[in-house]
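Line by line, the protein sequences give chains C and S.
With the first letter of the first sequence counted as 1, position 100 gets the number 935 in the working numbering; the numbers rise by one all the way through.
With the first letter of the second sequence counted as 1, position 214 gets the number 218 in the working numbering; the numbers rise by one all the way through.
Any given hint could turn out to be false.
As the list claims (entries may be wrong) - With a straight-line Cα cutoff of 16 Å, these simulated EDC-like cross-link-like pairs (lysine to aspartate or glutamate) come out:
no., chain 1, residue 1, chain 2, residue 2
1, C, Lys-838, S, Asp-117
2, S, Lys-118, S, Glu-160
3, C, Lys-951, C, Glu-898
4, C, Lys-854, S, Glu-98
5, C, Lys-1095, S, Asp-92
6, C, Lys-901, C, Asp-945
7, C, Lys-1256, S, Glu-235
8, S, Lys-142, C, Asp-853
9, C, Lys-901, C, Asp-919
10, C, Lys-934, C, Asp-914
11, S, Lys-80, S, Glu-62
12, C, Lys-1258, S, Glu-62
13, C, Lys-901, C, Glu-944
14, C, Lys-949, C, Asp-914
15, C, Lys-1095, S, Glu-62
16, S, Lys-142, S, Glu-98
17, S, Lys-228, S, Glu-239
18, S, Lys-148, S, Asp-190
19, C, Lys-916, C, Asp-935
20, C, Lys-894, C, Asp-945
21, C, Lys-886, C, Asp-935
Simulated from the structure, these hints should not be mistaken for laboratory data.
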Amino acid sequence: MFKLRATILKDVQILTRDKVGLIFMFAMPIILAIVITATQNSTFELVNKNKVPMLLCSKDKGEPGKQLVNAIEKSGMFDVKKVDANETATQIADRMHKKDALIAIIIPEDFSDKIKAKARSTAAKALKNFGLGEDSTGVLNDSLQPITFMYHPVLQQSFRQSIQSSLRGALQMVQTKQVIEQMYFDVNEKQLPDTLENEFARNDIGINEVPVSRDGSKSIPTATQHNVPAWTIFAMFFIVISMGSSIVREKLNGSFIRLKTLPTNYLIALASKQFTYLTVTLLQAAVIFAIGIYLFPFLGLPKLDLPADLFGLFLVSFMCGLCAVSFATCIGVYAQTQEQCNGIGSVSIVLLAAIGGLLVPSFAMPASFQPVIKLSPLHWCLEAYYGLFLEGGSLKDIVANILPLLGITVFIQLLALYGLKRKNLI
Amino acid sequence: MNDAAVSIQGLGFRYPGQAADCFSNLSLTIHAGERFGLFGPNGAGKTTLMSCMTGLLEYQQGSIRLAGHEAKHHRKSVNSIFGFVPQDFSFYQELTPMENLAFFGAWSGLQKDKIKKRSLELLEVLGLSDVKDKQVQKFSGGMKRRVNLAIGVIHEPSILFLDEPTVGVDVHSRQAIINYLRSLNDKGTTLIYTSHQLSEAEGLCETIAMIDAGKILVHDSLNKLLDEHKEDGLEGLFISLTGKSIRNE
Chain C
836 MFKLRATILK DVQILTRDKV GLIFMFAMPI ILAIVITATQ NSTFELVNKN KVPMLLCSKD
896 KGEPGKQLVN AIEKSGMFDV KKVDANETAT QIADRMHKKD ALIAIIIPED FSDKIKAKAR
956 STAAKALKNF GLGEDSTGVL NDSLQPITFM YHPVLQQSFR QSIQSSLRGA LQMVQTKQVI
1016 EQMYFDVNEK QLPDTLENEF ARNDIGINEV PVSRDGSKSI PTATQHNVPA WTIFAMFFIV
1076 ISMGSSIVRE KLNGSFIRLK TLPTNYLIAL ASKQFTYLTV TLLQAAVIFA IGIYLFPFLG
1136 LPKLDLPADL FGLFLVSFMC GLCAVSFATC IGVYAQTQEQ CNGIGSVSIV LLAAIGGLLV
1196 PSFAMPASFQ PVIKLSPLHW CLEAYYGLFL EGGSLKDIVA NILPLLGITV FIQLLALYGL
1256 KRKNLI
Chain S
5 MNDAAVSIQG LGFRYPGQAA DCFSNLSLTI HAGERFGLFG PNGAGKTTLM SCMTGLLEYQ
65 QGSIRLAGHE AKHHRKSVNS IFGFVPQDFS FYQELTPMEN LAFFGAWSGL QKDKIKKRSL
125 ELLEVLGLSD VKDKQVQKFS GGMKRRVNLA IGVIHEPSIL FLDEPTVGVD VHSRQAIINY
185 LRSLNDKGTT LIYTSHQLSE AEGLCETIAM IDAGKILVHD SLNKLLDEHK EDGLEGLFIS
245 LTGKSIRNE
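With the rest of the complex left out, here is chain S (with noise of 0.2 Å):
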């Protein structure tokens, strides 16, 4: 528990062409086996910092090192460690579930016997079974949803970056997904996941971070922050940190 699963020092980021730095000396240490929560204001710097962390984006200063391997240096050897569930549908519409879990299992670095039994696993406790042959331009969104982070845990990383995994679904999909979420922490998966769903990610998290232009306002404990702020949820502790003013991307 108390190993670091992602350790940022220093961070310096700026986009190119742009006059102010996304990250100026940022710092955030995320344990292994945490259920960890992102959440900020549009424009905070979320998607950038979780981009940052995925090696989607390439940092400028300091140093971000994922289980304890620099990512700059070794991308893609540290990308074998994590498994990432983007926003968008990342997957091939045209193709069905086992078909997508093949692909994406064969460059995750698996082998055919081994992603073949994963896909059966993943896609039956998800409930995606009936389903697996078809193709997934046909699914729902919820469905789509969940073959989305199917494709991002095949592989079984120790890290999971969850970035909006339930947006748009109905109740039971979410349902779905944050109780399988749950249960691959529980086998040692660390968590690290970004929502605009505060209650859900309320139900989830239990460490969390609030970012707003770039700088981490706080980082503890869901519970301490609850206490410390004195609201008795995620949403006033949200809403007392960023203040209440519209943002604009």
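Isolated chain C, as found in the complex (with noise of 0.2 Å):
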């Protein structure tokens, strides 16, 4: 004991020592942790608290149009910026250049007439089905010119489809309020009364989001319970870079050969290196979370919520610990440099990473990839995390993700063993 007392200790000493390094395991991953959480809650509030700047040419003159344009203004997600209706898709691109709006809409000349023969077409076909009348109108060769959407190429894709989706809402509301004008008119020969043309654009029913929480709480996750969690574990394979270096490091430099003569197993020398970065990974985790809760409020995000299961917190930050200092052993026995370490470690922690769901959402990706996430460690550190800090779990909701992780744990060390065993080191 007293000889693991000593070598702890003196991993402590060279720790600390190591100014660089110790930024690099606190500073960079709170860093990384708050610029993320920062850039998604602004992405979030972008699209549902402020309003994307729209250059709008309506080269149309009929109520349809306005309609459209009326919609589009409604919608509530688009500041709009009317441009004349003579401007070219050319002047406007220039307008986009200049950063005047990232998107722009130009209703085409014939918009209105050619919705309303389609609303004429359609209505004729739903009375002739409900055996009111007779379609007269025949087949409608003439297809609806599209609107055009112009968008500044920085926009990114699921942002221009919340855009489309919006534009497509609004498009639809135009289409079917002329189908229903149209049909009340072919019916009752006159315009269909204000009043009910209203409660037919009124919409009634809202959404109403429910998050399904095993605690039944409805508070809705936010970007900070999202990310702090995903970058904690981040932070924590990260730790390859540092742990795995210095066991290199001592393999390489001549102290690894005294240690060889001396009467002692280098294996507490693994122990005392694994018990002092697992201790690391741990203040990281304290750490981070503690900034999520009390620094996120002073810089405008939102505060994270700690699980009420504290010990299944703990647990779960413990063995994503642990499982990041096999992974960093594991790295520094077999790596022959420094250099080695420092790229097979942080390369292999961002592909780890990336199949296990932190950077993109596991259930995003494609199905033949879906194999291949329950690979990774990561997966399974977030799914735990995610259960308490989302799901409001609490331990016995996560034994389930808890388990792979020991799993791949054991795994990762009985390589590391079988590494030492080989080179003669144990």
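Combine the two chains into a complex, taking the hints into account.
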């Protein structure tokens, strides 16, 4: 025990004197957590709270065209800036290059005529089906000309899709309104009364968001609840750079030669390193969580809410840390140079993070990737944390995530031991 | 003086993947209390033989007994018998001499009080008391060599292996190291030393072995070998036994 204590003391002394290493282990993940959370939070707010600047050029003079403009304005998603109907697509593009707006909509000249014709055709078909008339319009050969959606290339696909959904909603509303008006006219031979029109247009049914939490909580998860656990795991595993390098450095410099000639097993050195760095990973988690709780509100970010099951949180953090130090040990044992260790270590962590769902949600990955996802220890760490932070679960709810994590950890440890034995180090 | 500190019988060693043996049926006995020097040109097998004796390399044939104990089968218990001062700086540069001695002392099997007592003694004798709490990475080459030596002897080994213990140091540090080694030997420690500093070795070693191409060329007292080969110094004896051609590793 005295040997282990002396070795831990040595490792702590070396670690605390490596200022750059400490900054790398603590400051970098904190910055990462703040930056990513702030970015995701502002993206969320841009879509949901702020308005996207839009140039709107309507070349159409008809009522449906005006209804569409009105629907876009009322959607609440856009800050609409109308431009002259005579402006060309090139001129609008020039405005966008000057960052007047990130998106632009051009409504074609015959938009109203075409949409009315389509409404007449649809209404006639519907009435014929109801047995109230004949379809006298025949087949409508002239298809609707699309409206043009121009966007700045910096706009990401997911963001564009969100805008397109909103536009489709507005278009659908105009089209439906036209069909109803036409059907009413065909049946009653008079215009749809405003009161009835408003009744049709009114959207009475809201959407009630209900997060399916295990503890019955109805609080909506924020960018902080998503990001802080994910980047804590990333920080823990990035310890591979510091710890792996420490093992490689010890192997390469003369101290290792002396250690091999002393009456003590090298496993004590590894046990000490694992204990020391496991403590570091737990400190990392504590610091990042504390920053989520106390600093984020000052930065205008949502506060981190800790799960109710604090023992579960500790156990998951402990298991993540243990897996991270096991992985670092394995890389350190097999790497022959510090360059190898740093390169393999950092690239493998980014890869494991990517397939583990830290960078892109794992449910969004292709089906062919799904079996691979389960091989990443970071996936199980994330699932366990999400079980506590997002689903409001307790330890019993995340045992199914901890057991595979434990299995992977044991496998990595055995792999490291095999490497040590093969290299005659133990 | 007549008990064997190191007894090598029929040693056979070959590096993995190499066609030829480094040693084949090599035998050598070093008596307890001797100041023994192992010399030879580059690539002769000095470091390999020392690595086999200290357990850094695992030999395939024969036996090496340290103070009567077969090294191969009792590696860790045999390790407490000897000390090793490698050519490379074998310590943690980020730590102070006291911290290094505390760690290596524990790994050598000493208890806390003993480590502290021995550390202070050693640092005093080797002229490092003033810098005992400063990080070793700021030390000169000579100071680092003395730290390297202090760590190797903290557990008061009965056999001390020294691989180029004074390479790259100034006269004062070299003198301090050699004097300390002599004092250790006076107290009964067997010194097994290898170096290319032949004039220094001549002043330290009483018995030598000359090795080349994995074979012991001569092994006897230095004075007797000088008389036999009619040489007045170790350098002359070295050249007369190993030739003048330049060796690559």
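Handout entry: Earlier hints that do not hold, by number
Key = 7, 14 and 18
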